[in-house]
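Student: Residues per chain are reported as follows:
Number of protein chains: 2
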Amino acid sequence: MTKLGVKIMPRKVILDSQGRAVEQTLKLNQMNVQHVRVGKFIELEFQQNKNDALIEARRIAEKVLSNPLIETFEIVEME
Amino acid sequence: MTKLGVKIMPRKVILDSQGRAVEQTLKLNQMNVQHVRVGKFIELEFQQNKNDALIEARRIAEKVLSNPLIETFEIVEME
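From first to last, the protein sequence lines stand for chains A and B.
First residue of the first sequence: 159, per my numbering; consecutive thereafter.
First residue of the second sequence: 159, per my numbering; consecutive thereafter.
No lab work stands behind these hints, which were simulated from the structure alone.
Errors might be hidden in some of the hints.
One copy or any two copies: either way a pair holds, since identical chains are not told apart in the list.
[Stated by the list, open to error] Once the Cα atoms are required to be at most 25 Å apart in a straight line, the calculated DMTMM-like pairs of lysine to aspartate or glutamate come out as:
| id | residue 1 | residue 2 |
| --- | --- | --- |
| 1 | 170 | 203 |
| 2 | 170 | 237 |
| 3 | 221 | 210 |
| 4 | 165 | 235 |
| 5 | 165 | 220 |
| 6 | 185 | 174 |
| 7 | 165 | 181 |
| 8 | 208 | 181 |
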């Protein structure tokens, strides 16, 4: 069993409206933060070994989970 | 400048309807995955040093970003 994470973030050139809303809320509440971006984290569990799972996770992230026009993704090894 | 991530995932006992929808879509498309969970990833940038930023990030995650009834969070160091 292999567990991998896919971290998907809005591209830096894209206005991240969720991130901006969270940032403003935190600043209004006197929390000491400079900048916020909001993305997704998707955990995938595979029966394959790590090498095969990494290939499959990349395919899934590219084809289904992310929109390359507005997002970038990164595969993260877990455990 | 310190950059930290807050990874927020649904608790295991909670039905993760987004994760289930993604899992079923992947399986219907012959993608080789066993289980999927969908969470959030929030990047926070601080002017403070790492120790102070870690304390502030934990406070922000607990008070604003996560709902402890249905979610768990984890602070992730970046860069």
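Student: Hint by hint, say whether it matches the structure.
Tutor: How the hints compare with the structure:
Taking the shortest alpha-carbon separations for residue 170 and residue 203, only the inter-copy value of 14 Å comes in at or below 25 Å, while the best intra-copy value is 29 Å. Taking the shortest alpha-carbon separations for residue 170 and residue 237, only the inter-copy value of 16 Å comes in at or below 25 Å, while the best intra-copy value is 29 Å. In the homo-oligomer, the alpha carbons of residue 221 and residue 210 lie at most 25 Å apart inside one protomer (17 Å), although the nearest pairing across protomers, at 39 Å, exceeds that limit. In this assembly of identical chains, residue 165 and residue 235 lie within 25 Å of each other by CA distance both inside one copy and across copies; the values are 11 Å within and 14 Å between.
For a Cα distance limit of 25 Å, the shortest separation of residue 165 from residue 220 qualifies both inside one copy, at 12 Å, and across copies, at 21 Å. In this assembly of identical chains, the alpha carbons of residue 185 and residue 174 lie at most 25 Å apart only when taken from the same copy (16 Å versus 31 Å across copies). Taking the shortest Cα distances, residue 165 and residue 181 sit within 25 Å of each other both inside one copy (20 Å) and across copies (16 Å). Within a single copy, residue 208 and residue 181 get their C-alpha atoms only as close as 37 Å, which misses the 25 Å cut-off; across copies the closest is 19 Å, which meets it.
This entry satisfies every hint, going by the numbered hints stated previously.
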